[in-house]
Amino acid sequence: MLINYDYRFCVRASLQVMKDRRSQLCKDTLQYHHIVYNGLHDSKPEVQKLYFQYYLVQWFDSHWDYMQEILNQHKEYTRDQRKQMILFFAEYFSEILNNYDNSGVMAKLMIPNLLQVQKETLKEMLALNEKWMENSSKLKVEIKKHDEEFKRLIDELDSD
Amino acid sequence: MKHDCLSRDLIILLKRLSVLASLIDTPYFNGKEKLAELSELSRLSELKGLEELRCLEGLAKCTKEGEKRMGSDLFGGFTPVGKEYQDKKGEKLIAYEEHYMRLLRNYQPEIKEIQEMMVALRQERISFYQVTLPQIEQAIRNDNVLSLEAKETWIRELRSNMEQSFAISESLISHYVTKNLEEFERKLKEEMNKV
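Residue numbers (the numbering used here), protein chains in the order written: chain A, 1 to 160; chain B, 1 to 195.
It should be emphasised that the hints constitute simulated quantities derived from the structure, not laboratory data. Warning: the hint list may mix true and false statements.
[Said to hold, decoys possible] Simulated crosslink set (DMTMM-like; lysine to aspartate or glutamate; CA at most 25 Å straight-line):
hint, chain 1, residue 1, chain 2, residue 2
1, A, Lys145, A, Asp155
2, A, Lys83, A, Asp155
3, A, Lys27, B, Glu183
4, A, Lys27, B, Glu163
5, B, Lys179, A, Asp6
6, B, Lys189, A, Asp6
7, B, Lys179, A, Asp80
8, A, Lys83, B, Glu170
9, A, Lys151, A, Asp6
10, A, Lys145, A, Asp65
11, A, Lys27, A, Asp147
12, A, Lys27, B, Glu152
13, B, Lys189, B, Glu137
14, B, Lys151, A, Glu46
15, A, Lys140, A, Asp155
Construct all of the structure, not just a fragment, from the sequences and the given hints.
Here you go:
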C-alpha cells in the first residue's frame with residue numbers, strides 16, 4: 001500500500017513518462033528515426049513490418065527505461081518506497097503490454113514470444129513483491145535481448 | 001419578591017399557552033383535550049389569583065402546580081427526543097461542515113492539479129489530432145519513394161499507439177482522483193470521530 005505522497009509521485013512520474021514517450025514517437029516519425037525510415041523505405045513488406053515492430057518494441061521498452069531514470073533521480077526515496085513505485089508502474093506497464101496483443105503489426109510478431117518473457121516477468125514481479133529487484137533486472141536484460149534479436153533477424157532477411 | 005415570582009410564573013404560563021395554541025393544528029400535537037384542560041386551569045389560576053390576590057403564597061403554589069401539570073401532561077403528546085442527542089446532532093452537523101470546508105481548502109492545490117492534468121491531456125490529444133498527425137501524414141504522403149502500404153501501415157500504427165498511450169494517461173489521472181477522494185473521505189471521517 002502506497003503512502004499518500006508516494007502515490008502522488010507515482011502518478012505524476014507515470015504521466016510524465018507517457019507524455020514524453022508520446023512526444024518521442026511523433027518526433028521520431030517526423031524526423032525519420034533510422035528504424036522507422038528503414039521500415040518506410042524497404043521494398044519487402046516482411047522487412048518493413050519487422051522494422052516497425054523493432055521500433056515499437058524499442059519505444060515500448062523506453063517507457064520502462066525512462067521510469068527507472070526518473071526514479072534514479074530521486075534518491076530521497078527509501079528502498080521500500082522505490083519498490084512500491086516500481087510495482088505501481090509495472091501494473092500500468094503490463095497494461096500497455098497486454099494491449100499489444102491485438103494491435104496491428106504487433107499482433108503477429110516476427111520474433112515469437114518476444115513479449116512473453118516480459119509479460120511473465122512483470123506478472124511475477126507483481127505477484128511476488130519480494131522478487132521485485134531480481135525481476136526488474138531480468139526485465140532490463142530482456143530489453144537488451146530484443147535489440148540484438150531484431151538486428152540479427154533484419155540482417156538475415158536483408159541478405160535473403 | 002414573592003409577587004415577582006408570581007408574575008414570572010404567570011408570564012411563563014401565558015407564553016406556553018400561546019405556543020400550544022400555535023401547535024394545535026400541527027400533526028405532532030394530539031392533545032386538544034389537554035389544551036382545554038390547560039385553559040381551564042389557567043382560567044382558574046387567574047381567577048384564583050384575582051380572588052386571593054392577598055394570598056400570594058397560595059396563588060403561587062397553584063400556578064406552579066399548573067405549570068408542572070402542563071409540563072408533564074401536555075408535552076407527553078410529543079415523541080420524546082433526548083435534548084442532549086438533539087444538541088449533539090446539531091454540533092456534529094456544524095463540525096462536519098467546518099471540517100469539510102477546511103479539507104476542501106487544504107485540498108485546493110490537489111483539485112487544481114487534477115484539473116490541470118485533465119486540461120493538459122485534453123489539449124495534447126486535440127493538438128495531436130489537429131496539428132501533429134496532419135503534419136506527419138502530409139510529410140509521409142509527400143515522400144513519393146515510399147510504398148502506399150508502408151505509409152498507411154505506419155500511420156495506422158502511430159495513431160493506434162498514441163491512442164493507447166492517451167488511454168493509459170487517462171486511467172492514471174483517474175487513479176489519482178480516486179486516491180485523493182479516498183484520502184479526503186478518510187480524513188473527514190477521522191475528524192468527525194474526534195467530535
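The hints, checked one at a time:
no., hint, in the structure
1, Lys145/A <-> Asp155/A, "holds, 16 Å"
2, Lys83/A <-> Asp155/A, "violated, 39 Å"
3, Lys27/A <-> Glu183/B, "violated, 39 Å"
4, Lys27/A <-> Glu163/B, "holds, 16 Å"
5, Lys179/B <-> Asp6/A, "holds, 11 Å"
6, Lys189/B <-> Asp6/A, "holds, 22 Å"
7, Lys179/B <-> Asp80/A, "holds, 20 Å"
8, Lys83/A <-> Glu170/B, "holds, 24 Å"
9, Lys151/A <-> Asp6/A, "violated, 39 Å"
10, Lys145/A <-> Asp65/A, "holds, 14 Å"
11, Lys27/A <-> Asp147/A, "holds, 21 Å"
12, Lys27/A <-> Glu152/B, "holds, 18 Å"
13, Lys189/B <-> Glu137/B, "violated, 54 Å"
14, Lys151/B <-> Glu46/A, "holds, 14 Å"
15, Lys140/A <-> Asp155/A, "holds, 24 Å"
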